[in-house]
Amino acid sequence: MQSFINGLALGWIYILIAMGLSLVFGTMRILQFAHGEVYMLGAYAVYDFVVLHGLPFLVAMPLCMATGLVLGLILERFFFRPLGGEFLPTIMIALGVMIVLQAMVTVGFGVTPKSVPSFAPHAVEVLGLRLGSDRLIAVAVSIALILLLYFFLKRTKLGLALTAAAQHREASLLMGINPTHMSLTAMAVGSAMASVAGGLMGSIFPLNPVMGGTALMKGLIIIILGGMGSLPGVLVGGLILGFIDGVAPVVSGPATAAIAPLFIVTMILVLRPQGLFGHE
Amino acid sequence: MSKGRPNTWAKRSALAILIVLLFCVPAVLQNDYWLFVFCLAWINVLMASSLRTIYRTGELSLGQVGFMLLGAYSSALLSKGLGMPVWLTILVGGLFAAAVALLLSYPILRTKGVYFSVFTFLVAEIFRLAMWYTPGLSGGPAGLSKIPPPGAINLLGITLITFTTKSSYYCLLAVVVLLSLLVLFRVERSLGFTWMAIRQNDDLAESVGINVRGHKLVAFVVGCFFAGIAGGLFAHFMHLLTTDATAMFGMLTSIYVAIYMVAGGEARMAGPIVGAVVLTLAPEVARPLKEYQPIVFGALVIFIMFFMRQGIIALPFYLRLWWDRTLGGAGKAP
Numbered sequence: 063m064q065s066f067i068n069g070l071a072l073g074w075i076y077i078l079i080a081m082g083l084s085l086v087f088g089t090m091r092i093l094q095f096a097h098g099e100v101y102m103l104g105a106y107a108v109y110d111f112v113v114l115h116g117l118p119f120l121v122a123m124p125l126c127m128a129t130g131l132v133l134g135l136i137l138e139r140f141f142f143r144p145l146g147g148e149f150l151p152t153i154m155i156a157l158g159v160m161i162v163l164q165a166m167v168t169v170g171f172g173v174t175p176k177s178v179p180s181f182a183p184h185a186v187e188v189l190g191l192r193l194g195s196d197r198l199i200a201v202a203v204s205i206a207l208i209l210l211l212y213f214f215l216k217r218t219k220l221g222l223a224l225t226a227a228a229q230h231r232e233a234s235l236l237m238g239i240n241p242t243h244m245s246l247t248a249m250a251v252g253s254a255m256a257s258v259a260g261g262l263m264g265s266i267f268p269l270n271p272v273m274g275g276t277a278l279m280k281g282l283i284i285i286i287l288g289g290m291g292s293l294p295g296v297l298v299g300g301l302i303l304g305f306i307d308g309v310a311p312v313v314s315g316p317a318t319a320a321i322a323p324l325f326i327v328t329m330i331l332v333l334r335p336q337g338l339f340g341h342e
Numbered sequence: 213m214s215k216g217r218p219n220t221w222a223k224r225s226a227l228a229i230l231i232v233l234l235f236c237v238p239a240v241l242q243n244d245y246w247l248f249v250f251c252l253a254w255i256n257v258l259m260a261s262s263l264r265t266i267y268r269t270g271e272l273s274l275g276q277v278g279f280m281l282l283g284a285y286s287s288a289l290l291s292k293g294l295g296m297p298v299w300l301t302i303l304v305g306g307l308f309a310a311a312v313a314l315l316l317s318y319p320i321l322r323t324k325g326v327y328f329s330v331f332t333f334l335v336a337e338i339f340r341l342a343m344w345y346t347p348g349l350s351g352g353p354a355g356l357s358k359i360p361p362p363g364a365i366n367l368l369g370i371t372l373i374t375f376t377t378k379s380s381y382y383c384l385l386a387v388v389v390l391l392s393l394l395v396l397f398r399v400e401r402s403l404g405f406t407w408m409a410i411r412q413n414d415d416l417a418e419s420v421g422i423n424v425r426g427h428k429l430v431a432f433v434v435g436c437f438f439a440g441i442a443g444g445l446f447a448h449f450m451h452l453l454t455t456d457a458t459a460m461f462g463m464l465t466s467i468y469v470a471i472y473m474v475a476g477g478e479a480r481m482a483g484p485i486v487g488a489v490v491l492t493l494a495p496e497v498a499r500p501l502k503e504y505q506p507i508v509f510g511a512l513v514i515f516i517m518f519f520m521r522q523g524i525i526a527l528p529f530y531l532r533l534w535w536d537r538t539l540g541g542a543g544k545a546p
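These protein sequence lines map, in sequence, to chains V and F. Residue numbering for the first sequence is 63 to 342, as defined by my numbering. Residue numbering for the second sequence is 213 to 546, as defined by my numbering.
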């Protein structure tokens, strides 16, 4: 039960990562392979602000979010836009960016794992279960951000335009929505969310420069579970993954825990080549 | 192209000279480290070319390393455990990778585009994790060590060639990879045009009577076969295999292989070869930069994608283009 709850808590952080990945895929039709690195950079940003500069967490998290936002804007403007959305060159640029960012963090911070002091080191007792309050806060922040994103997409003009562009690019273009602005928005929002996810994760687990790979894998699994570009699907996919992550290690050891999610996703692709909620 | 194409004989003799020069590399180099790098370059050449065979039908596989792993482990285990000759086990490793590819081809080939890339990516990771968690086969975190080198061959009773040293293994690699490239070349010669039709528009290709699924299957299985061969070559060259996430069989290798192919230029057979050689050797030249080295690699990839979309292979074309634009254009102006 304990690890089940922990797994679900991590599931919410993965959802943050996958939301960004899905948003970018939906709007720009590209697979952002450097997304895991944005997450990793977010974690290191928090480490930098909190440990090296001694800022409190409440200041560091918004700064971390801003870092992700700016990074997303730079990536879209200078790396993805000039390519015009072609499949292969865009993937290659994303991979190149991924290698460069990883190496830059290695140069800046070294390869040894770094740890951020937990922002809430106490555990609380709920219904006889000991839960780390840092995890509870991480879940609360994730849910708040997801609600904020939901509100942004459904209630604001920009968000509605973004949804429209993700649903049908050409039709939204005819309605006077500028696709370039939408790509910029999607990258900014998606990267900010990934960055916060990194910041939250960094205070639970130690950070290292290759942590982005795992995050990318989890994000890919979730968006395939939920169907590429479908945000409610991401929510479902993330909870399924969190559930598996929580339950499988207890029931049948680490081997199954590592392989089971991948296996389930491949099974879903076998049965529905376009994902669970996807439509082609 | 007013000067006309160079005639085929000149091309062929240039190729022959190049191949002879390649076999002289160990004699000239006399440096174990660089020889190691060259051996890796050969393996990368085979990986990138096998990936290109699949990509000719329009699907980008990001799971080549998974099939490489299958070939490497089956070859290593058969030669180490059962004492089978290495010649045979490398081939069996390739066949095993191809057989698994054949079994998996039905679900994998039902997916297209991004889904295909992600599917193969995940399959490779499943293979790696499955090996990692079966210490009986993979040796667990310590890895599988003491993989035997190929046995000596007796050349007409005159000389005995052993493969214990790096330089002789280099020659073996060169021979096997060149033969494999020849096979890939012949396969593409006979099926390449059909593959191009499938790649440009698979629905249209199907409507004119092309068996799209069958052709994709052939390309996929052939590509995976040679990835398996590359794995076998790698196993008997390194004598040590690990399934650590950051080692050879991690997902980064698939990504690197895709980069070799695209950066070299996937439109032509020579593209992945040039890409693999240049991008394996260039970071080694940058080795004095230590931890800045991957930045050089990544920046190189980004540069190539921005300014030379057709890949390194099209460098002469781009040079001419830039020349015409800058100096040539200025000269013509009145």
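Worth flagging that the hints you see were computed from the coordinates, not collected in a lab. Keep in mind that a hint or two might mislead.
As the list claims (entries may be wrong) - To give an idea of the interface, some chain F residues facing chain V are shown, with a C-beta separation under 10 Å as derived from the structure:
id: 1; residue: Ala222
id: 2; residue: Ala226
id: 3; residue: Ala228
id: 4; residue: Pro319
id: 5; residue: Ile320
id: 6; residue: Val335
id: 7; residue: Leu394
id: 8; residue: Gly462
id: 9; residue: Tyr468
id: 10; residue: Trp535
Claimed, not checked - Coverage of chain V stretches by chain F, computed from C-beta distances (three or more under 8 Å per stretch; other residues unrestricted):
id: 11; segment: 139–145
id: 12; segment: 274–282
These figures come from a predicted structure and were not determined experimentally. Where is the CB? At the ideal position from N, CA and C, for every residue including glycine.
Hint check results:
Annotation: interface hint on Ala222(F) violated; nearest CB of chain V at approximately 33 Å, more than 10 Å. The beta carbon of Ala226(F) comes no nearer than 30 Å to any beta carbon in chain V, farther than 10 Å, and the hint placing it at the interface is violated. For Ala228(F), the interface hint is violated, since its Cβ never comes within 10 Å of a Cβ in chain V; the closest pair sits about 33 Å apart. Annotation: interface hint on Pro319(F) holds; nearest CB of chain V at approximately 4 Å, less than 10 Å.
Taking 10 Å as the C-beta contact cut-off toward chain V, the hint placing Ile320(F) at the interface holds, the least distance being around 8 Å. With 10 Å as the threshold, the beta carbon of Val335(F) comes within range of chain V, its nearest partner Cβ sitting at about 6 Å, so the hint holds. A least Cβ separation of about 26 Å between Leu394(F) and chain V goes past the 10 Å threshold, and the interface hint is therefore violated. With 10 Å as the threshold, the beta carbon of Gly462(F) comes within range of chain V, its nearest partner Cβ sitting at about 8 Å, so the hint holds.
The beta carbon of Tyr468(F) comes within 9 Å of a beta carbon in chain V, closer than 10 Å, and the hint placing it at the interface holds. Hint status for Trp535(F): violated, given a least beta-carbon distance of 23 Å to chain V, over 10 Å. Beta-carbon proximity to chain F at under 8 Å applies to 3 residues in the segment 139–145 of chain V; the threshold of 3 is reached and the given coverage holds. Restraint check on the segment 274–282 of chain V versus chain F: 3 residues with Cβ-Cβ distances below 8 Å, three needed, restraint holds.
Going through the hint list in order, the structure does not satisfy hints 1, 2, 3, 7, 10.
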